[in-house]
Structure formats: C-alpha cells, structure tokens
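**Q** Here's the letter readout for the chains.
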Amino acid sequence: MMKPMPAITRHMLSAMQGVVPSTLATCSADGTPNVTYISQVFHVDDHHVALSWQFMNKTWRNLSENPRAAVVITCPDTFSMWKLRLRFLEKQTEGPVFDLMDMQLMAIASMYHQEGSFNIKAALICEVLGIEVLYDGYNS
Amino acid sequence: MAVLNEYLRRQIGAAPTAFWVSNCDAEGAPDLVRVLGVRAEPDGEHLVTFIPAPYAQNLIAQLAPGGKLTLLHANVRTYVSLQFKGRCVSHRPSTAEEVEFQRRYMDGFCLEIQDQGLAPEVAFAAFFRQPSVTVVMRVEEVYEQTPKKGSGGRIHVE
Chain A
1 MMKPMPAITR HMLSAMQGVV PSTLATCSAD GTPNVTYISQ VFHVDDHHVA LSWQFMNKTW
61 RNLSENPRAA VVITCPDTFS MWKLRLRFLE KQTEGPVFDL MDMQLMAIAS MYHQEGSFNI
121 KAALICEVLG IEVLYDGYNS
Chain B
1001 MAVLNEYLRR QIGAAPTAFW VSNCDAEGAP DLVRVLGVRA EPDGEHLVTF IPAPYAQNLI
1061 AQLAPGGKLT LLHANVRTYV SLQFKGRCVS HRPSTAEEVE FQRRYMDGFC LEIQDQGLAP
1121 EVAFAAFFRQ PSVTVVMRVE EVYEQTPKKG SGGRIHVE
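In order, the protein sequences belong to chains A and B. Following the working numbering, the numbering of the first sequence begins with 1 at its first residue and continues without gaps. Following the working numbering, the numbering of the second sequence begins with 1001 at its first residue and continues without gaps.
Isolated chain A, as found in the complex (with noise of 0.2 Å):
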C-alpha cells in the first residue's frame, strides 16, 4: 500500500504567519550544516510551502547542492511546534505565490518595525516530505 502523503493541518497553518519566526537548516555537499531564522514559510497548498529567500545566500547555495531542508514552525498562541522535512522543487521570482509572499513579508516587517529592510528575493519552493509534532500545545 502507498504511504499517504504528509498534509499540512489547519493548525499548523497559524504557526506560518511570521509572528515566530521559524527555523530552517539545510546541508552543503560536503555535510556542514547550515541553520537560519526565516521570517515566512508560506503555505502553497497542503504538500507544498515555499521559502522566503531574503539575506540567505548560504542557504540557497546549499539547496542548489543539496535539496533536503528541515524547518520547525511555531504557534505563537500554544507553541506548539512542527518540524517539516522538505525537499526544494524550485525558486520562483513572479507569478501569485511570489507576490503573496512579497505582501505578507510586508506585515511581518511592519510588525517588526522594519519597514523598507525586507524585501523578498525569490519564493523557494519545496515539497513536504514529512512533518513531525514536536509538540502538541493544544493538549498539553
């Protein structure tokens, strides 16, 4: 039998709205880890979220070598927490993705008070392999 796909909940969809940011970790050919605060992983559809590339170089120089990621999210309400294992399918820089992320990267900076200093250079694409609870805030 086919294993299901991993699928993004509803909840988890609150722990991608920037208010934590989360942490991504990728790895270069040679195995040097890389781990990065990142203001937005934005949710594409349920078995896909994109990356907001903004300062990262290291971390696209990695995916470009390497397409395995992980990143934990955030609830700010609960914290519960989600790691997601991704693997990187493409950078876009237009199209509908791109310019939702360009106007929810907007509100974070304004939430942050750092208006006019994040600007998105591409939404990196990637595809959900696994998630895993780290931990359950709404029955703990």
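Quick caveat, the hints were computed from the structure, so don't treat them as lab data. Using N, Cα and C, we set each Cβ at its ideal position, and we do this for glycine too. Keep in mind that a hint or two might mislead.
Said to hold, decoys possible - Straight line, CA to CA, 20 Å or less: simulated EDC-like cross-link-like pairs of lysine to aspartate or glutamate: (1) B:K1148 - A:D102; (2) A:K58 - B:E1141; (3) A:K58 - B:E1144.
What the hints assert, rightly or not - Residues of chain A placed beyond 12 Å of chain B at every Cβ, according to the derived structure: (4) A7; (5) H11; (6) V35; (7) H43; (8) K83; (9) E94; (10) G95; (11) P96; (12) L100; (13) A107; (14) L129.
The hints should help you fit chain B onto chain A, whose structure is shown.
**A** Frame of chain A; chain B shown alone:
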C-alpha cells in the same frame, strides 16, 4: 580551530538569546533543535550546549566525535545573530547542575520574550524538556548572521 574573542563571548551570554543546533545524517538530510542554553568554555575554543532529548532523537543519534555541528545564536531583542560552525567533541547525559543551568536559561529567556506578547509559562512548558544531552563542540568558524544586507560573512577569529 577558532578562539572566541571577547565580543563573541559576550554575545553568547547576552539575553534574550535563542540557540539552535543542526547536523546532518549520512544521506545529507539536515536536522535541527532548539537547545537549552550555551556556555563558552574558558579556553575560548569550545562551546557547551544542552539538547532536549525528546525533541532530537534523530539528531542525537547522529552525534559522534568529529561530526560536523552548527550552532545558531540569535538575540531576539537586538536581532544580532551569529553562526558557529565546528565539530562535536563529546556528548553525554546532562548533570543535575547542568539541568539547573538550563532551567535558569529558559526561565530568563521566556520572561524576556513576554515583551513580544508571548506567554512565558506557555513557552517554558513547550521548550524545557528533559532528559537532556550535554554536547561539547569545538568551534572552527564563525559567521555574521544578523538579518541585513551583506550578512553571512565570515568573522575573523584567531
């Protein structure tokens, strides 16, 4: 090998700072975990960090002497952020004294983030998990990670 200067040591001890550790498995799949504080060793060459085991079974399974490790430092008030790259020297279960250090660190961190509208007791319940594993890391390189143009550059250390 790198020797951390006074600035870097001060940044590690500055509050409120979040720390994350990352490593990779043999297939190149990265893993990461929020850790329960970091201490700089007096020799300036090593960092000691504390991994909550319930959140990091796979990451802990990949720990081995000489294995590559990366530690992210981020001050959530000033946004100053650094990345320490190096290698694992050793790992073992945390002692009672180290668990107390972790509790104090996480208490302080959670109280500080309430300024940002985040409930400290809820954060503590989520982040503070035991048992924990103490990891000694030898630092080889340090990178500027503060979100700004030109970020990502290597910081020269001896």
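**Q** Next, verify each hint and record whether it holds.
**A** To see whether the hints hold, each was checked on the structure:
1. B:K1148 - A:D102: Holds, at about 17 Å.
2. A:K58 - B:E1141: Answer holds: K58 of chain A to E1141 of chain B is near 14 Å, not above 20 Å.
3. A:K58 - B:E1144: 12 Å, holds
4. A7: 20 Å, holds
5. H11: Holds: least Cβ distance 14 Å, greater than 12 Å.
6. V35: At about 4 Å from chain B, V35 of chain A fails to clear the 12 Å cut-off, so the statement is violated.
7. H43: 20 Å, holds
8. K83: Violated: least Cβ distance 8 Å, not greater than 12 Å.
9. E94: 22 Å, holds
10. G95: 25 Å, holds
11. P96: 26 Å, holds
12. L100: 21 Å, holds
13. A107: Consistent with the label, A107 of chain A stays out of reach of chain B, its closest Cβ about 16 Å off (over 12 Å).
14. L129: For L129 of chain A, whose nearest Cβ neighbour in chain B is about 9 Å away, the distance does not exceed 12 Å, so it is violated.
Hint check: violations occur at hints 6, 8 and 14; the rest are consistent with the structure.
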